[in-house]
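Participant: What follows is the residue order along each chain.
2 protein chains.
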Amino acid sequence: MASTGNTGAPLTPAIIFDMMQAHHRTAALKAAVDLDIFRAIGDGPGDVATIARSCKASERGTRILCDFLVINGVLSKADGHTPLSATFLDPRSPACLASIAQFLGNSALHEPDQHLADIVRNGRTSLPGAGTVEPENPVWVQFAQTMAPMMAPLAAPLGQAVLAGQSGPMKVLDIAAGHGLFGIEIAKQNPHAHVTGLDWAPVLRVALENAKKAGVSDRYNMLPGSAFEVDFGGPYDAVLLTNFLHHFDVPTNVTLLKKVRAALKPGGKAATLEFVPNDDRVSPPMPAAFALTMLTTTEAGDAYTFAELSSMYKEAGFSDMTGHPIPMSPHTVVLGRA
Amino acid sequence: MASTGNTGAPLTPAIIFDMMQAHHRTAALKAAVDLDIFRAIGDGPGDVATIARSCKASERGTRILCDFLVINGVLSKADGHTPLSATFLDPRSPACLASIAQFLGNSALHEPDQHLADIVRNGRTSLPGAGTVEPENPVWVQFAQTMAPMMAPLAAPLGQAVLAGQSGPMKVLDIAAGHGLFGIEIAKQNPHAHVTGLDWAPVLRVALENAKKAGVSDRYNMLPGSAFEVDFGGPYDAVLLTNFLHHFDVPTNVTLLKKVRAALKPGGKAATLEFVPNDDRVSPPMPAAFALTMLTTTEAGDAYTFAELSSMYKEAGFSDMTGHPIPMSPHTVVLGRA
Numbered sequence: 052m053a054s055t056g057n058t059g060a061p062l063t064p065a066i067i068f069d070m071m072q073a074h075h076r077t078a079a080l081k082a083a084v085d086l087d088i089f090r091a092i093g094d095g096p097g098d099v100a101t102i103a104r105s106c107k108a109s110e111r112g113t114r115i116l117c118d119f120l121v122i123n124g125v126l127s128k129a130d131g132h133t134p135l136s137a138t139f140l141d142p143r144s145p146a147c148l149a150s151i152a153q154f155l156g157n158s159a160l161h162e163p164d165q166h167l168a169d170i171v172r173n174g175r176t177s178l179p180g181a182g183t184v185e186p187e188n189p190v191w192v193q194f195a196q197t198m199a200p201m202m203a204p205l206a207a208p209l210g211q212a213v214l215a216g217q218s219g220p221m222k223v224l225d226i227a228a229g230h231g232l233f234g235i236e237i238a239k240q241n242p243h244a245h246v247t248g249l250d251w252a253p254v255l256r257v258a259l260e261n262a263k264k265a266g267v268s269d270r271y272n273m274l275p276g277s278a279f280e281v282d283f284g285g286p287y288d289a290v291l292l293t294n295f296l297h298h299f300d301v302p303t304n305v306t307l308l309k310k311v312r313a314a315l316k317p318g319g320k321a322a323t324l325e326f327v328p329n330d331d332r333v334s335p336p337m338p339a340a341f342a343l344t345m346l347t348t349t350e351a352g353d354a355y356t357f358a359e360l361s362s363m364y365k366e367a368g369f370s371d372m373t374g375h376p377i378p379m380s381p382h383t384v385v386l387g388r389a
Numbered sequence: 052m053a054s055t056g057n058t059g060a061p062l063t064p065a066i067i068f069d070m071m072q073a074h075h076r077t078a079a080l081k082a083a084v085d086l087d088i089f090r091a092i093g094d095g096p097g098d099v100a101t102i103a104r105s106c107k108a109s110e111r112g113t114r115i116l117c118d119f120l121v122i123n124g125v126l127s128k129a130d131g132h133t134p135l136s137a138t139f140l141d142p143r144s145p146a147c148l149a150s151i152a153q154f155l156g157n158s159a160l161h162e163p164d165q166h167l168a169d170i171v172r173n174g175r176t177s178l179p180g181a182g183t184v185e186p187e188n189p190v191w192v193q194f195a196q197t198m199a200p201m202m203a204p205l206a207a208p209l210g211q212a213v214l215a216g217q218s219g220p221m222k223v224l225d226i227a228a229g230h231g232l233f234g235i236e237i238a239k240q241n242p243h244a245h246v247t248g249l250d251w252a253p254v255l256r257v258a259l260e261n262a263k264k265a266g267v268s269d270r271y272n273m274l275p276g277s278a279f280e281v282d283f284g285g286p287y288d289a290v291l292l293t294n295f296l297h298h299f300d301v302p303t304n305v306t307l308l309k310k311v312r313a314a315l316k317p318g319g320k321a322a323t324l325e326f327v328p329n330d331d332r333v334s335p336p337m338p339a340a341f342a343l344t345m346l347t348t349t350e351a352g353d354a355y356t357f358a359e360l361s362s363m364y365k366e367a368g369f370s371d372m373t374g375h376p377i378p379m380s381p382h383t384v385v386l387g388r389a
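Quick mapping for you: the protein sequence lines, in order, are chains C and Y.
Add 51 to the 1-based position in the first sequence for the numbering used here, that's all there is to it.
Add 51 to the 1-based position in the second sequence for the numbering used here, that's all there is to it.
Honestly, the hints are just simulated from the structure, not real lab data.
Any given hint could be a false lead.
One copy or two, either will do: identical chains are not told apart, so a pair holds if it fits within one copy or between any two.
[To be verified] Distance condition first, Cα-Cα at most 20 Å in a straight line; then the derived DMTMM-like pairs of lysine to aspartate or glutamate: (1) Lys264 - Asp69; (2) Lys128 - Glu162; (3) Lys264 - Asp85; (4) Lys222 - Asp331; (5) Lys239 - Asp94; (6) Lys310 - Glu110; (7) Lys310 - Asp98; (8) Lys222 - Asp130; (9) Lys107 - Asp169; (10) Lys107 - Asp85; (11) Lys316 - Glu187; (12) Lys128 - Asp330; (13) Lys264 - Asp330; (14) Lys316 - Glu359; (15) Lys128 - Asp331; (16) Lys222 - Glu110; (17) Lys239 - Asp330.
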């Protein structure tokens with residue numbers, strides 16, 4: 052029997068079989084959210100018949116789906132909820148982020164998986180045009196509406212990194228604002244900050260709703276349009292550029308960063324939030340694996356290393372680049388000074 | 052910061068994010084097989100430019116795909132192949148089973164994933180009719196053609212369990228023969244055995260090819276048709292029923308097992324090969340998770356426990372049921388005596 056070099060454990064094709072079945076995991080988690088299984092489990096007592104009745108689902112389907120979630124560490128056979136599902140998937144938890152299953156499980160974004168060999172051949176998404184960053188792509192309204200709970204825990208550390216104690220009047224531009232949470236956080240941390248959110252108009256309506264909920268809408272302006280076309284106005288003390296650069300190639304990003312720098316006051320800061328892998332591009336796993344999402348859904352995007360982001364900033368005229376990994380998350384804030 | 056009860060490790064939603072992206076793993080492995088990446092890596096030297104040229108693919112796509120396979124433990128950044136990929140994915144390895152990506156990655160079988168919430172509601176596949184076991188479903192030709200390398204290592208232990216040293220003249224029926232490897236193995240282990248393969252006619256052509264390659268086609272007969280409709284003939288010393296019962300509900304299986312028993316000589320053996328989870332239905336992970344595949348693709352199939360299979364055998368008139376887990380595999384042989 053062959054054995055692995057490292058461990059002496061017998062070599063089996065289990066990993067291969069597991070990977071070929073991995074697609075079920077995404078489907079199972081999304082289905083459980085759609086069926087409201089995690090609420091039913093929180094209601095107790097957690098037997099299959101009760102969950103099935105509560106979710107208006109068959110007992111066969113409910114049993115097999117719940118067992119599958121136990122196998123994957125999401126639910127517990129003995130207790131129903133695990134700490135993970137109670138905290139992040141039960142809609143009664145303030146930290147619930149189940150809505151991310153709508154964007155991350157969007158079948159339009161999975162469809163390129165069926166053509167991945169062709170995508171690798173051609174080096175670009177199989178989606179038409181510019182893929183997910185095609186103008187007015189409705190997927191960004193869904194992103195703004197459903198991904199906020201995943202981004203919310205990142206807002207405070209991002210705000211602290213950008214403000215670094217700055218408390219006086221300031222103007223901030225939030226490019227690709229989406230849900231708006233990052234700009235809103237600046238307005239919350241600094242009551243003298245005025246924030247301008249830039250995104251497609253239907254997306255900005257979501258951001259404005261969130262600004263109202265946060266009580267900062269009187270200091271929240273909207274700048275609808277494309278980051279590449281609209282006049283930024285300014286000058287700004289800070290520009291946020293979150294979850295955006297990974298969609299584009301280096302020259303496009305440098306062009307955009309030059310435009311950002313021109314809209315900043317001297318000494319002003321640009322702040323990107325990104326999946327930033329190490330130079331080996333295979334660690335840590337989550338930021339590194341994100342490159343495949345950019346391969347399948349964009350023309351030329353990537354998960355850029357700190358060295359690459361730093362180099363783009365530098366070419367655009369920025370200095371003093373620093374990286375701030377956000378604890379307990381796969382994200383890093385990269386700052387540059389105009 | 053919340054922490055998990057068991058380990059004291061901080062609680063993060065990483066597992067949830069990982070599951071929502073898991074669909075990429077299936078796509079990545081299938082694309083790498085389709086592009087012949089594992090052959091190119093075996094050829095060396097394993098740099099991205101060489102692999103891309105060899106696979107007629109873009110460097111961007113090749114780099115991101117190969118890095119993704121490193122992240123998932125399939126390839127090695129330093130060495131190209133891992134023992135896993137060299138053994139099971141490089142087409143020059145005698146143990147290569149890369150072809151299973153065609154059946155396990157068949158988009159027609161993944162399509163129900165998009166409707167999993169409805170499947171759980173309704174308790175049955177979203178595929179038309181009886182799902183994958185609809186008469187003459189072409190997917191079984193693909194199964195026979197591509198899954199043989201995964202099944203081949205199971206054939207010898209299955210043959211030993213069934214024969215248990217029996218060496219004289221005997222007649223064996225192989226129901227749902229597929230690639231035919233299990234019946235062929237009986238013919239190889241016992242040169243006096245005559246084997247009849249039963250499956251849809253286009254599938255049996257694959258089995259006959261394999262019987263010719265194994266040099267046993269003179270003792271291999273074909274019985275084309277449905278296991279539920281065709282006259283089995285007999286009487287047989289043994290009947291193989293591999294990867295079959297999981298597609299159907301208990302009453303259907305009992306009916307079939309009665310028909311099997313009626314075709315066996317007194318004291319003859321029925322042998323099923325199945326994914327058999329423990330009574331908790333959530334362990335071991337691979338056999339237990341297989342239930343979800345049956346939920347998505349069949350009307351009423353399941354991954355049955357030994358107790359359930361044993362009870363079906365008993366109701367059909369069998370006795371002396373025994374389970375024989377096949378080492379290094381997720382499969383178990385269950386024997387019953389007529």
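Participant: Hint by hint, say whether it matches the structure.
Facilitator: Hints, one by one, checked against the model:
no.: 1; hint: Lys264 - Asp69; in the structure: neither (43 Å within a copy, 30 Å between copies)
no.: 2; hint: Lys128 - Glu162; in the structure: neither (33 Å within a copy, 29 Å between copies)
no.: 3; hint: Lys264 - Asp85; in the structure: neither (26 Å within a copy, 50 Å between copies)
no.: 4; hint: Lys222 - Asp331; in the structure: neither (37 Å within a copy, 59 Å between copies)
no.: 5; hint: Lys239 - Asp94; in the structure: neither (35 Å within a copy, 58 Å between copies)
no.: 6; hint: Lys310 - Glu110; in the structure: neither (57 Å within a copy, 29 Å between copies)
no.: 7; hint: Lys310 - Asp98; in the structure: neither (58 Å within a copy, 36 Å between copies)
no.: 8; hint: Lys222 - Asp130; in the structure: neither (50 Å within a copy, 51 Å between copies)
no.: 9; hint: Lys107 - Asp169; in the structure: between (41 Å within a copy, 10 Å between copies)
no.: 10; hint: Lys107 - Asp85; in the structure: within (12 Å within a copy, 41 Å between copies)
no.: 11; hint: Lys316 - Glu187; in the structure: neither (30 Å within a copy, 71 Å between copies)
no.: 12; hint: Lys128 - Asp330; in the structure: between (41 Å within a copy, 12 Å between copies)
no.: 13; hint: Lys264 - Asp330; in the structure: neither (40 Å within a copy, 49 Å between copies)
no.: 14; hint: Lys316 - Glu359; in the structure: neither (24 Å within a copy, 73 Å between copies)
no.: 15; hint: Lys128 - Asp331; in the structure: between (39 Å within a copy, 8 Å between copies)
no.: 16; hint: Lys222 - Glu110; in the structure: neither (56 Å within a copy, 42 Å between copies)
no.: 17; hint: Lys239 - Asp330; in the structure: neither (35 Å within a copy, 53 Å between copies)
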